[in-house]
Amino acid sequence: MTEAKVGLSPAQRKLRVFLRNRAAVAGAVLVILLVVVAVAAPWLAPHDPVRQSAANRLKPPGTENYLLGTDRFGRDTLSRVVWGARVSLQVGVASVLLGMAIGVPAGIIAGYKGGRTDQVLMRAVDVALSFPTLVLGLIIVALLGSGVWKMILAIALVNAPQFARVARGPTIALRDAEFVQAARALGTSDLRIMFRHVLPNVMPDIITVSSLWVASAIRTEANLSFLGLGVAPPTPSWGNMVREGIDFLGRAPWLAIAPAAAIFLTILAFNMLGDGLRDIADPRTRGE
Amino acid sequence: MNLRNLLTVALVVVLVAFGSVAAFAQTKVLRYGMAQADIGGMDPHNAPGTNDKTVIDPMFNGLVRFRPGSANPEYIEPDLAERWEVSNDGLVWTFYLRQGVQFHKGYGELTAEDVVYSLERAKDPQRSAFSSDYVLFSKIEAVDRYTVRITLARPVPAVQVLGVLTDYQGGMIISKKAAEEFGDNFRMNPIGTGPFQFAEYVPRQYVRLVRNEQYFRGTPEIEEIVYRFMPELRSRELAFRAGELDIMEGQREEWWVEDISKVPGTIVDVVGPGEMRTLHFNMSRPPFDDLRVRQAVSYLINRDEIVEIIGPSVTVPAYSPVPPGYMAHTDDVERYDYNPQKAKQLLAEAGYPNGLHIGPVIITEVESLLVPMQIIQEQLAREGVTMDLQVVDHQTFHDRIRQNMSNMVLYGAARFPTPDQYLTQFYHSASTVGKPTAVTNFSHYGSVIPGVDHLIDMARIELNQQRQIEMWQLAQRLITRDAPALPVYVLKLVFVRKDYVDLGYEFESTISLTPQFNERTRLLK
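Residue numbers (the numbering used here), protein chains in the order written: chain A, 6 to 293; chain V, 124 to 648.
The set of hints was computed from the structure by calculation and includes no laboratory data. From the three backbone atoms N, C-alpha and C, an ideal C-beta is built for every residue, glycine too. Just so you know, not all the hints are guaranteed correct.
Ranges between beta-carbon positions, derived for each pair [stated by the list, open to error]: (1) V:Pro354 to A:Leu49: 32 to 40 Å; (2) V:Tyr461 to A:Pro258: 53 to 61 Å; (3) A:Arg256 to V:Val325: 30 to 38 Å; (4) A:Ile144 to V:His521: 49 to 57 Å.
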């Protein structure tokens with residue numbers, strides 16, 4: 006630790022902290038791999054994920070060119086898992102970004118303005134947070150209907166209050182910081198202060214929790230899809246694959262196990278990555 | 124799951140296992156695994172759902188009945204009525220009741236009063252879901268304590284009178300005294316004359332019936348029937364394999380039937396009448412207002428492939444709007460066999476040379492409809508015909524298709540095995556969804572284009588059976604020509620039982636869509 010002190014820029018130091026956490030590195034590698042799989046799905050998947058084949062129903066893994074076997078319609082499990090990565094990542098990332106876009110400004114405004122604005126916004130957040138995530142998601146999906154974008158919106162609305170809370174705390178601390186007071190003395194508008202000066206200082210915390218919440222968004226997507234409220238057929242998502250596979254546990258266990266393993270790995274990867282990012286953001290592990 | 128939860132679960136499992144052994148060892152209990160999560164009620168006149176019919180079936184009798192194990196109207200036999208007479212003009216039917224038949228729980232002897240009360244109730248739209256079956260009954264009266272006289276508005280073929288007097292739906296005879304005493308609560312206090320009587324109902328868990336010691340055909344061998352609500356196939360199957368169920372509703376797919384058949388000591392019954400799956404095209408708006416589009420989509424659906432995926436042992440391809448096996452059914456109709464070339468040509472003529480988007484299609488999450496719909500979706504997609512498939516829960520599906528929200532409706536149904544109910548409910552303009560008299564005409568056939576209302580109405584009251592059959596067959600031909608709907612296949616029923624369950628009859632078919640349990644049903648163990 007001692008030799009790291011001299012001649013290193015803050016960015017290099019952060020990278021070093023991150024690289025020292027092997028789990029975080031493994032998580033990052035897995036996440037990158039996942040993104041590659043999702044983006045390259047059309048080239049990676051050996052078959053069309055929705056193409057049915059009556060002659061190749063319920064083939065066990067390893068048959069001919071079906072590495073992970075086929076389902077009751079003769080669809081290739083591997084191709085569906087690969088394409089399912091798209092839906093899961095899309096939902097995970099888009100819903101967290103959208104939730105961030107709604108929640109972070111709300112949290113900064115609440116923390117910066119204080120007083121009644123803070124009261125109103127934070128009570129609303131409390132109410133929203135008092136519902137369990139899945140229940141809130143269920144209500145929203147029930148009202149909006151199902152589909153990828155509706156589900157993204159539902160999960161974003163579930164995440165937004167949590168982001169608001171994370172953004173509010175540091176904002177309160179920064180509100181009276183010297184550089185903010187200086188900006189105010191120079192006549193900078195509140196809006197400019199909030200977004201030019203406060204926001205960049207809040208972002209490290211936000212990014213850290215984001216990667217954890219991507220994992221939980223993916224899990225929520227899988228849960229909603231498992232309950233039949235997710236992506237409409239024939240689009241494969243890991244959640245609806247588990248749902249379809251569950252009846253076949255005795256006959257064709259791969260149908261549920263393959264997507265379940267994919268969900269497990271993805272959540273694990275984002276959690277490990279999140280841990281590493283937290284190490285960077287946390288001054289105690291920063292070695293400062 | 125932490126350790127304490129784990130222990131609790133283990134304890135419950137052990138208790139349930141030992142509890143069931145201890146409780147059921149001495150009594151002869153038949154344990155039935157139902158595929159439904161609950162029942163709506165046990166009033167036979169207000170129970171349109173299969174789940175309700177299952178539980179109601181052993182509690183009631185009709186004046187006549189289908190021979191146990193059969194749904195063939197040729198084999199209708201005496202039940203509460205010992206015999207009957209028909210006047211020469213065919214208008215007056217006199218039924219002579221069996222004497223000494225007792226209602227459950229001391230509600231007294233069955234008399235003509237009860238029969239009159241029951242049939243009046245079945246005919247009353249306020250109190251019955253099946254009132255349309257009895258519109259021709261102009262007078263129902265008690266001649267004496269054991270004689271009932273029914274006067275018809277018009278003479279109709281015998282099968283249409285006896286059919287609605289069977290031990291099915293509105294034909295079930297209830298106790299007048301109990302019905303008046305309980306009022307709306309009769310649905311939870313059913314009193315009939317059947318071999319089993321109601322004992323206990325625990326919502327979302329089970330219904331328990333006990334035997335009717337005074338049953339007029341003799342005291343049943345089985346002492347109790349427990350209907351357990353187990354909507355999850357896996358849990359039902361595990362309970363069956365573990366010996367906690369004696370009989371269960373199976374998955375109506377061949378892969379499953381094959382698997383369960385391999386379990387030692389298992390009998391699989393794949394029986395009729397089976398529910399025919401028909402794809403109804405909503406003609407009230409584009410694109411299905413165009414005959415060529417309906418024909419094209421019909422030509423794109425490959426029945427053989429659907430049958431292969433779901434399994435030939437549980438499915439029968441269907442071509443006519445009247446299911447195979449029904450009276451007057453004919454396959455001498457226009458057949459839409461898989462023909463993508465012809466479909467493409469028709470689509471091009473209709474102005475869709477580059478594919479077609481059908482729009483919203485709503486389907487239930489229930490697998491016996493969702494699975495074929497997914498196959499159809501893919502078959503159409505191969506040729507560039509796409510849809511927005513929305514999967515919803517079963518009740519929402521039933522609501523939305525009746526609100527005309529779906530451009531195609533895949534629907535499965537079994538009806539009384541003559542064409543009248545089927546044709547009336549699905550193809551008569553009066554049954555069009557949205558109308559006050561709506562039943563299940565999802566295509567709007569007869570409403571937005573001329574249909575076959577007249578033929579259906581005429582055939583219903585035609586006394587000459589040959590002419591009646593000809594009319595019904597003509598209706599089938601005209602309907603397939605206009606293509607308001609595509610009959611796809613019949614899905615048979617699958618029940619699985621332990622080999623020690625002796626139903627007491629040859630099981631071929633069941634009008635109430637459940638195996639009938641009667642005084643002869645035995646447990647050979």
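Item to check | Satisfaction of the hinted span 53 to 61 Å by the C-beta atoms belonging to Tyr461 (chain V) and Pro258 (chain A) | outcome: 34 Å, violated
Checklist entry - So the hint says 32 to 40 Å: do the beta-carbon atoms of Pro354 (chain V) and Leu49 (chain A) match that? => result Since the Cβ atoms of Pro354 (chain V) and Leu49 (chain A) sit about 37 Å apart, the hinted range of 32 to 40 Å holds.
Item to check | Supplied distance hint 30 to 38 Å, evaluated on CB atoms of Arg256 (chain A) and Val325 (chain V) | outcome: With Cβ atoms ~32 Å apart, the hint holds.
Next on the checklist: Range first: 49 to 57 Å. Now tell me if the beta carbons of Ile144 (chain A) and His521 (chain V) are that far apart.
Outcome noted: 22 Å, violated
In terms of the numbered hints stated before, the structure departs from hints 2, 4, listed from lowest to highest.
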